[in-house]
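K.L.:
Here are the chains, one letter per residue:
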Amino acid sequence: MKSMDVPTERAREAFAEDRVRGSSADRLNRLVDLETQRCLEELASADRDTISQHIGALDREWDVERYLQTNAAIASLAGVALGAAVNRRFLLLPGVVFGFFLQHAIQGWCPPLPLFRRMGIRTRREINREKYALKVLRGDFETIGPLAGREQPR
Amino acid sequence: MHATLHAPGPDRVRANTWPPINERVDRGIQLRLRQAAAWHTPDELSDQIAALDMEWDFERVVEAEASLAGLLGLVLGATVDRRFLAVPAIVAVMLLVHASQGWYPLLPIFRRLGVRTRHEIDRERFGVKAIRGDFTTVPPAGAAATERAAAAWKAVCA
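Protein chains in written order, with numbering that gives the first Met the number 0: chain A, 0 to 153; chain B, 0 to 157.
Isolated chain A, as found in the complex:
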């Protein structure tokens, strides 16, 4: 188990470019990491079909961008409708939503993000990390030769 504890620190570095992770509490990122580690331990001795099924489920999993897009679209649509039909001041709502959504695209954070992260919703990078670790366990990369034979395209 001791070797499982180390990489969380490294995971944070390696995924420094994941802006959503960079904008989430370390505690929540760690929960995501632990969940992936738990899943890998569970599936490390599983047969190919079980692993393939889990990879299929990962491909279908809704990532945090999909939730945020849905959320922003519904909130801004409601704001525009209210602003056009009821009172112009409701136009502030889509203004704020689009403003924060732009911030999310550029920097990563936006107001609903902490809530979604607390619900355990993952970034595509986090999902793919689990997916490719499972592909490794399934033996997908065993056919690739060592770096030494670099004349042969692999």
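Among the clues, some could well be false.
Listed below are several chain A residues computed to face chain B (Cβ distance under 7 Å; list not exhaustive) [claimed, not checked]:
{"id": "1", "residue": "GLU16"}
{"id": "2", "residue": "LEU39"}
{"id": "3", "residue": "GLU40"}
{"id": "4", "residue": "ASP58"}
{"id": "5", "residue": "ALA72"}
{"id": "6", "residue": "LEU90"}
{"id": "7", "residue": "GLY94"}
{"id": "8", "residue": "ALA104"}
{"id": "9", "residue": "ARG128"}
{"id": "10", "residue": "ALA132"}
{"id": "11", "residue": "ILE143"}
Cβ-Cβ distance ranges computed for the label pairs, FRET-style [stated by the list, open to error]:
{"id": "12", "chain 1": "A", "residue 1": "LEU91", "chain 2": "B", "residue 2": "GLU22", "range": "41 to 47 Å"}
{"id": "13", "chain 1": "B", "residue 1": "VAL96", "chain 2": "A", "residue 2": "ASP48", "range": "33 to 39 Å"}
{"id": "14", "chain 1": "A", "residue 1": "SER51", "chain 2": "B", "residue 2": "THR78", "range": "53 to 59 Å"}
{"id": "15", "chain 1": "B", "residue 1": "GLU22", "chain 2": "A", "residue 2": "GLU60", "range": "24 to 30 Å"}
{"id": "16", "chain 1": "A", "residue 1": "GLY21", "chain 2": "B", "residue 2": "GLN100", "range": "28 to 34 Å"}
Read the hints as simulated data drawn from the structure, not as lab findings.
Glycine included, C-beta positions come from ideal geometry on N, C-alpha and C.
Fit chain B to the supplied structure of chain A, relying on the hints for placement.
P.N.:
Frame of chain A, contents of chain B only:
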């Protein structure tokens, strides 16, 4: 070329892209992996991974474009003519269509400009990691499950 090669699972953006453009993306990945395997040193492979991590993926491009278009429409709707409010409304509906179906009005343009999905970027990323030898540390099937799991986790995080 088999169809399965170009349809890796439920990437909704790829499913809504004109197939020749997906093929172009795939050929680019294959070419860069071939170059990486043939010529690159481990340091160069690490630089390639760092560059992939920085790459703007399709979702990020759509989100930036949609929020800018929405804000512009709101400002024009509030100051010039109320009818401009149709712009943020259309943007919101299209974002909803994108989130549920994957399609987006500007998808053909973004894809033609070479904007890739995170699925595609990660395919290249983990291919480069495989070439760097990151996965050779993982014991083969049959070894202790805990060890294999720990090694696989370390390898994907490296």
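K.L.:
Decide, hint by hint, whether the structure agrees.
P.N.:
Cross-check of the supplied hints:
{"no.": "1", "hint": "GLU16", "result": "4 Å, holds"}
{"no.": "2", "hint": "LEU39", "result": "4 Å, holds"}
{"no.": "3", "hint": "GLU40", "result": "4 Å, holds"}
{"no.": "4", "hint": "ASP58", "result": "4 Å, holds"}
{"no.": "5", "hint": "ALA72", "result": "4 Å, holds"}
{"no.": "6", "hint": "LEU90", "result": "6 Å, holds"}
{"no.": "7", "hint": "GLY94", "result": "5 Å, holds"}
{"no.": "8", "hint": "ALA104", "result": "4 Å, holds"}
{"no.": "9", "hint": "ARG128", "result": "5 Å, holds"}
{"no.": "10", "hint": "ALA132", "result": "4 Å, holds"}
{"no.": "11", "hint": "ILE143", "result": "5 Å, holds"}
{"no.": "12", "hint": "A:LEU91 <-> B:GLU22: 41 to 47 Å", "result": "46 Å, holds"}
{"no.": "13", "hint": "B:VAL96 <-> A:ASP48: 33 to 39 Å", "result": "35 Å, holds"}
{"no.": "14", "hint": "A:SER51 <-> B:THR78: 53 to 59 Å", "result": "56 Å, holds"}
{"no.": "15", "hint": "B:GLU22 <-> A:GLU60: 24 to 30 Å", "result": "26 Å, holds"}
{"no.": "16", "hint": "A:GLY21 <-> B:GLN100: 28 to 34 Å", "result": "29 Å, holds"}
The structure is consistent with each of the numbered hints, conforming to all of them.
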